[in-house]
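A.B. asks: The chain contents come next:
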Amino acid sequence: MSHNQDDSWGDPVVDALTAAAAILPDQGPMGVFIHHNTLHSFQSLPFHQGVVRGAQLLGARPYPLMSAFRLWMHDGRIESADLDHALERALARCGQVNKDLLLGMARMQWWRLIWLHALDTQQPQDLARDLARELERNPTHHSNAKIDADLLEAVKHTPPSDIAPTPWQRHHDALLDHGVDTDVVVHGELIRLSGAFLDHGQALIDVPGRERGFFATALELLALGLPSHSLAHINRSAQRWINTQASARQIIDEALNGLGVRDDQRKTYIMATLLALPGWAGMFARMQRNPAEAPVLEHGTKVPIRLEDFLAVRMAIELHAIPKAAAQVGVSADWSTLRLTDRRPARSRQLAAALLLQNARQTGVELVITPESLRQAWADLDVFNDEARRACGLEAYEYHYQRQILDGLSYARTHRPALGKGSPAGQFIFCIDEREESIRRAIEEQGPEWVTYGAAGFFGLAIDYRGLEDFEAAPYCPVVVTPAHEVHEYADDDAIVHERRRSRMGAWKHMESAIARSSRGLIGGTGASLLVGPIASLFSVARLALPRDSAAALHSVQEFVAPKPDTALGSIRSKVNVAKSGKPIGFTIDEAADRLAGLLKTIGLVKDFAPVVVVLGHGSTSLNNPHESAHDCGACGGRRGGANARLVADLVNRAEVRHALRERGIDIPESTWFVGGLHDTADDRVDIADLDQMPRSIEPAWRQICVVLESARRANALERSRRFEALPLNATPEQALTHVQERATHLGQPRPEYGHCTNACCIVGRRDISRGLHLDRRAFLVSYDASIDKDAGILERVLAAVGPVGAGISLEYYFSSVDNQVFGCGTKLPHNVTGLIGIMNGHQSDLRTGLPLQMVEIHEPMRLLIVVEATTDALLQVAGRQAEVRELVVNEWVQLVSVHPTTGAMHVWADGGFKLFQPDAVELDRFQYSPQRNCQGREHLAPAWIEKGFA
Amino acid sequence: MNDIPWQAWAAWLSILAPLAGSLALGMVALLAPNIPVERSVTRCMQACLALALASTVAVGIGNGLAGNTGDIFFGDWVIAGEYKIPLTLRIDWLGILFATMSALLALLVARFSRTYLHRDPGFFRFFFMMGVFATGAQLVAFAGALDLMFAGWEAVGLASTLFIGFFHDRPEPIRSSIRALSTYRLCDSGFLLAVVAAHEWLHSTTLASLDGISSLPTWQATVIAALLMVSAMGKSAQLPFSGWLSRATEGPTPSSALFYGGISIHLGLFLLLRTWSVIDHSPIVEGVGIGIGLLTALYAASIARVQPDAKGALAHATLAQVGIIFAEIAAGWTTIALVHLLCHASLRVWQYLRAPNILHDAHRIGEHAHSGGSWLRVWVPSIDRRLCAMALSRWRLDEATDALVAPVLRLSRFLARATRIKP
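Just so you know, the sequences run in chain order A and B.
With the numbering used here, the residue at position 288 of the first sequence is 288, and numbering never jumps.
Every number in the numbering used here is 1000 more than the matching position in the second sequence, counting from 1.
Think of the hints as simulated: they come from the structure by calculation, not from any bench.
List of simulated lysine to aspartate or glutamate pairs, EDC-like, C-alpha gap at most 16 Å:
no. : chain 1 : residue 1 : chain 2 : residue 2
1   : A       : K564      : A       : D470
2   : A       : K324      : A       : D334
3   : A       : K575      : A       : E591
4   : A       : K324      : B       : E1399
5   : A       : K948      : A       : D768
6   : A       : K564      : A       : E499
7   : A       : K324      : B       : D1402
8   : A       : K509      : B       : D1361
9   : B       : K1084     : B       : E1200
Since this is a predicted model, take the numbers as computed values, not measurements.
Chain B extracted, bound-state conformation (with noise of 0.2 Å):
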């Protein structure tokens, strides 16, 4: 192991030192009598996430003075006959950018919600996620294999829906989430399938490997490529998986910042560009990506439009923007889209942080001249007036859902009664 550069330390570091965080706060709070106290939980989690960011922010430099670093393996996690789940990171300026940021926001965030969660009952959980959070964010960022970067992926999954669902003493929360969770886990399934296609025909699922996928037929790169879009689109919440977004914003301000301005609304993408290659290899998937971001971010600027309420509106923004960059990176404009990606977040998170300031920007800019309509309502108003009612119910896409889902729910219900042995 002496042959493994710094770097790889640092970047495990970034990755473990938020989840050790969480585990000693979790620790403690099982063994003591008393969950902490606010300032000591606090000072841990910002400890911890701070330790990430530099952590990350060393990767970079070191990045910067020794030239790319590349893929390091560390042996195999788990070994089942054939079956191998290598620990590999895969350290580049695609991974550390993105690690670097979700860093920076997660540990703003923090700080934000010091304050902000002060003697509310969920505060020792907020915290705890934040930490589960962030590692799930640094796994995804610097995994050099699909099954590493899925326990990332799921993480980051599973604090996502605990946050809208944050507060469970109310019902629309609990639909909101269990909304979300089962869009994850619908598309998820993609992933988990992409990971086994890749084992079962390049008998590797190292990001090394499947930039050789050159190699298999094109239906089996395009089976792969499709299959990590689908994963992809349920976390960016790309049509038709766009319904939870609109619900998300549950959860305290500050989560949903992190989580639907910042993080885990772009992670999708992040997806995409980490298997490009693969995607690259698949001119129908490509093709798709494209007609799918563009719709998204049509659907999305629509509602956007008509939205009278101010995470509504700004949820729906997000989406618009983050189907262009889907958009870009089918195009393959790469770079073009991780640009937009970094300024994008950055915007919408400090965005979400000042939503509630809003009566007071009002109040101090003026009642600005109400923009009444727009160039479409002067021109053709029957198809103004249209599109306005398609947006205000959010081109009933939930319900569509719901109905979509309706006979299979009916035909659980039916097996489970059948099943059922009566006592």
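Okay, chain A solo, but in the shape it has when bound (with noise of 0.2 Å):
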């Protein structure tokens, strides 16, 4: 017990309440979802390090089990070649040699028997004794692993080490090996109290008196509230503490000793109480330090929210459930007289280690068993232990995923045809999502005039945006970025059509609400019954058999009604003009030139400008989703990224700026003409803004980007329906596109889209060195120019946004597939949301964070793969002046790959420094168009070179 023992000297109940703060789950109210990384508070540590202390705190996986390893070495996903390049650095952290023989063969050999033959213990704690128990009673049904009886005698006079249960931290823990779960009744009050208190509008009336917060506001309910059987007197005790006007903390000491938890147990205590229901605890904790996100109050004040107000309620509820529950049982409630009555027998390893020699011998391998070879073989078993042994499956993994890219790239580089001097046709400028990757190829195979970019889908531009239908503007960048600028969207034509529109909206909106919210009451459920009861039943049939037909019908029908006006951005700010906010609405000509020469710069587009030039922000719709705004742009703070690409448009258009662009060494032709639009990936709409502003001299050029996008998102649409089942492979585009405006637009479908489950790696470099590779929708692209950057300034700058924007999306998706349960959110069947913050499994559950099931069932969990067309020095000095990046990179949460821009040596960061990686001369698979790749299969498919690509 000593290691978990408090090591300060300070108040162990605020050092509880500030490390369980950090390790809590960090997800805000679910209307915005950022991608984050789960253990974002464990980066500081080495990642192997960071994951196992994490998930053991947190009762999770820290990797993927040792059975889902050996299937995939099983179908050859990992190869023996991965393997020992892992287990080779797997001696190495551990600081032993592999010359040294053990059992008669290499330590490295001994090592790959444990990998591929041991037991796993975190499987169920009985399949080891199950199985050997079988072998022992009925060896002949089993006969190939028959445990020989010699063997079962060595292991028998030199046992490995036991393995102690994980000791009790709580009451609970103890009282439920006594068969007694006293959550059932503490978490079923906490959830109906936590639910009610952060509600965000989702009940008819809020509960009262919430502005003095939880604490006062739950003993007030409980003291309100009707006796209950199961915590026996709660609502005296809840008086009595309001007639004493207790504070939260005094409560906490009270319940701490009544429960007899000493002053050195407490820390530890606290910790285990308040990750018990991490979720609700978590969002406490996330709205302490966010006060902006929680509820707002009728005056336009803030809830105010306290994680201490949180653990006071539940050690006031858990002091009343707790005796009795013991009592029922019969054992003490006093915490340091319980915790010392644990009998749990350690588990011994002896059948699992006869059982691993016996496979050992299965394959072949002569053992020399000596009592102290055995005694070395077991002291092995416990530095390469469980987690030791996964840790090399997921090094193994990536390391079969990094060969492949690797290994494309450099077929890439000497297989590429020179593209043809001419000057590009069309320029597009796509966020860097993974998403992306396809329609990008898709647009360059249909000829080499046609060019794309990747830069982060803010284009640039940190802004407050407000949308004509908006109430508020809201932050459009991403979230480590505070905007400084608010734009506002305004209705084009005369004030008479837009009020009218607005005012009929409005009464729909207000109709629609108000049956809601109506139909949950006597009377008015009564009404909304006979009323819109047979409405609903139309509705139903309609929605439910006909998907996309119904909505298109529902969607003019409202543009019929209420037509949407024609809109402009206020873009430049011309004389002063201040939002409420205080920001100044607009930018000035310096300012939009400035930042506009910074994103130009920085994907390298500065000069050969093409007639048209495309801008597309990306986002997602898609209903009956919860985790719809997951599906967002990260960039734009998890919204649609429309607004910016469309003001970046509004702005170069300008004569202005274009002027002020040239002082800054860019200089756009009059000929040239930008766009902005959004791509919606749910359901392959590219929306573009303000075509009315197009000059006649462009239209011929604007025609032909037409067709090339039509084609480009259809061939989108077909690739990504490649993943679903339920459009057959050899499909046409027009069908894949008519497929997922189905998706999108239906009630029963959990996966409109699969979001950024399978993102794998990101590029960072010219588009020349991945143009023509397939990469599966599974690369982040990023584009950034080397050669015209001189101090690696540009490089700093797109590291800083894209390194954690792309580590958090890829650990989270990295945690929520290794552990759904604990760290993703399970299946989304009976998802329930609640209080528009958050949602819980069923009727009442933990508040569930992290991705659900349905997202990340096809992802493979991997660090993300981040390979920068620069030089090592480069990169290094980028992370001596990026902290972040710099933790990322050296702590191994992410891998570095650098691409020597001239040279094209590559060179892998690992165990602190750059090593020189040799690509093997692979011959890729070649193919005309990715159509003819994609219907290959519903699998991950490994890089091929697409020959449209460039010819």
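Hints in hand, dock the two standalone chains.
C.D. replies: Now the structure itself:
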């Protein structure tokens, strides 16, 4: 137990609250979903240490199970060479030497046998015992795994160490072993109270008195409520505490004293208590850190939120639940006494060890069994323990993919035909998002004159944006940036049309919300049933039988009743114009030019402009999907990025701005026109804004662009549909487009799109180095031209944005797929939105954070492989200046590879330094067009060469 | 059998088609090495449900053209001495309307679930139980005798508990499922006893003989009416048997919609409408029924006000209306009640199916000004606070039930120990 005890002399309650707040899930209200590293607070530790520590505290699995790794080995997803590479690293990490002989073989071979054959101790506890018992009882049944009597005897004489059970952390653990689960009562009470308190407006009425904080509100509710059978006298105690004006802290102390938790046990005890319901506790901690996310009171102020209040209420409930449960099973409720009654036996590993030797022998290895070598072998079983084996498995798994990508890039370098000298006909700037990889490829396959770029989807313009129908401005930029400007959308046509639409839309929305709310009441419910019920059944039939057509029909009805007016952005600030927030509305010419020059230089688009440059943000629309926002643009703060793209075009097309850009060394010719728009990644729609502004002279070029985009979005829909079993692999692009449109409008569709699922790598550099490669929608593509970046200043900006955002996405997917029950939020099917802030499983459960099973089911859990076309020196410079990038790379939460811009030499960051990577000269599969590659199956595809990317 | 009208055979078809689908799927699953693929499961089940819907509609058309078909006797199912279970269908507008609605909703939910449950490990199980449920609901709607109706009644109850416990790898769904199951068991004993009583006193359980209940002494009629009402209270979650409903939304969204927005929750009301002649004969039961319905409505509405989660609020809002309809029936307004019931089920299924959309809607409609309180809060804040506190703890109904059941459980544990023979 000693390792669990407090390591500081501070106040244990304060310490525990601080420590827990750092570990608890950091996910805000779900309306805006930002991907982040689930174990962010462990990022200061090396990856393997961090995940093991974090997972242990949260009761999760840090890596996939060994059974999964072995399956991947069997399927060829991990090859023998990959495992050898990972084993060598594991040996080095543990400071072991390969040359040592164990049981008559080299240590690495012994470790390999352990990796391949040792029972997984994190498997259900009885598995090993059952298996061994079964083998003893019925040896012939499993003839090829029969345990040799001699082996069993040998192991009995020098047994490997036993595994002690995890010590009890709090009363609940001990009482659970006695057959009673106190958390059923405690959590039921706590979830009802917290849910009502944190509600953002879903209930018809607020809980009274929320302005006093959770502690006071909950005490009052408990005091006024009916007496509870399972929490005897809690209302009397609550009343007493109210009368004595006890503070939250006093209740915590009273409960800890009452339950017999000694000072030196308190920190551990409280941490475990807070981590028992991590979602709700985490939401309190999160809102305490970000008060802006707390619910709003009537007068516009925010409800005060404190984690300490949550703990106090929890402890008050525990104080009543525990003694009752303890009395029921006849044990002491005093923690200091109770925790000593732990009589759980340690688990013997004898049989598992014998089985391991047996399996080793089956592979044809000659074992030299002596007591001394057995002792050493068992010692290795502790060094190369479960966690180390899984870490090794993960590295082998990642290495396999790394080899494929780097070999592919090296193939592209040697086989790339020279791109014609002809000037480009169209340039497209997309978000770096890996989902855009396929549509960019589809555009490029239509000819060498089509060129694409990738830039973070806010396109360098950090703004607070207010759309025509928004109530207030919201930030459209990465969460780490605070915008300095607001930009508003205005109706273009005469005020009467706009006003009529506003009032009609307002009336419609008011009616919708009135029906929804009144249908919960007695009289309103009857009225709603009789009036709306028959219409509802028509809606049900139409929306379920013909999801796409009925959605389109509804949309056109809406457009008829309240047509959307033409709008314009207030992008340039001519005179003093300040928003309510105090921020200026719109940019000055110089501010705009600075930002645009930054954008164009970052992506390396500073000369050879095409007649049309298309800037496309992205977003996603889907129904019945609480995780809808998770599919939007992370670089726009979890929102749809169309506004930023439109703003770029709006600004660049102004003569004054172009003039200012010329002063900054970027000469955009008069004959070039920018258009901005939005690519919807769910239904593959492309909406272009402000087309009416386009000069006549541009129109021929624009018509060509339209043809390219129309065909590209169909090809994109087809490539996406490869992953959806509902559409056959030989479908036409037109069918695929219809299919994805149906998905986006279908009420019963938990997978409108797969989002960032399958993301695996990030290529920073000129598009030339990856053009022509089929990367299977798994690569973030960031445009960066090292040749115009003298002091790595641009690289620094790029990596400072891309590193944390990419790592956040990749790690959230990693954790949610490795342990979907703890880090993720399980299957979507029983999800229940609560308080407009999050989801629960079924009628009441913890607030579920992370990603649902349906979003990660085809993901390959790996750390993001960032390949940068820059010298190792430039990268080291950036790492020296950017602390967060350095932390991610040095602690190996991402994998970093440098590709030399001129020589193409590859260096992989590993164990504290860059190491040369020698790519194999592989022959990639060659295809004319992407669809020929795509129709080869629904599995992940290795990089292939698409010839049309250049021809 | 020549004089049996075709409508009766169509009714049988609508009852048996879903079951046939489930049985066919079950046989394939048992005999084939692998569980059938999703596509064939949904095709089979949707075809059977569509057949059930079509034949129900056909029955309706036949009824409309040729007038009420009435009770059709197909012989006895079970004969044991004097005891007989007659195979009798009653084909009238009440049954046809209810059967049409349940077949339609089942088909819609099956369509919804085809994509919603894609790749779920319980896919097969889900559609298998859909067939069992649909057969049960059709049988309740068309049965012309209490025993036959009870068979359908039990099928629906079984499906309901299995859907609540659908995600059986977590403990909470299992706990909720067991609570629903035990409530059903307790209340269904009322149905069984009513069957026994009808046999004993009326020598028949057909609805036709129940219509002639006026020949019985009042107390006997009251006993039968009360027993039937207890059974209806369980299925329709009336007080004091409401606790299970608030925990019933543990299953996948579509099954919650079908059961607790659509059919199952209204099935108790249908039983009352079906056996209205019995209830009507007992003023005491009517009076108690009105009281229970209204109390339930108040109880549920008070909770629906404060419930912050989408499905919980919907469950209690549904219960409030079911309580009102319960009272309407008990008060004798059967036609109004039937219209109310059908409209209400349509509304709630739609709302349940869209429950996960609430964030999208909130975003689209915009943050509405927080309604804050209510007139009660302005006028009598102390009562409002107390009401909030009571409603948030759901009036401690579950705990009260547990406390009531605790001595029984203790006794049974004691008896179990006492009768155990030590080896």
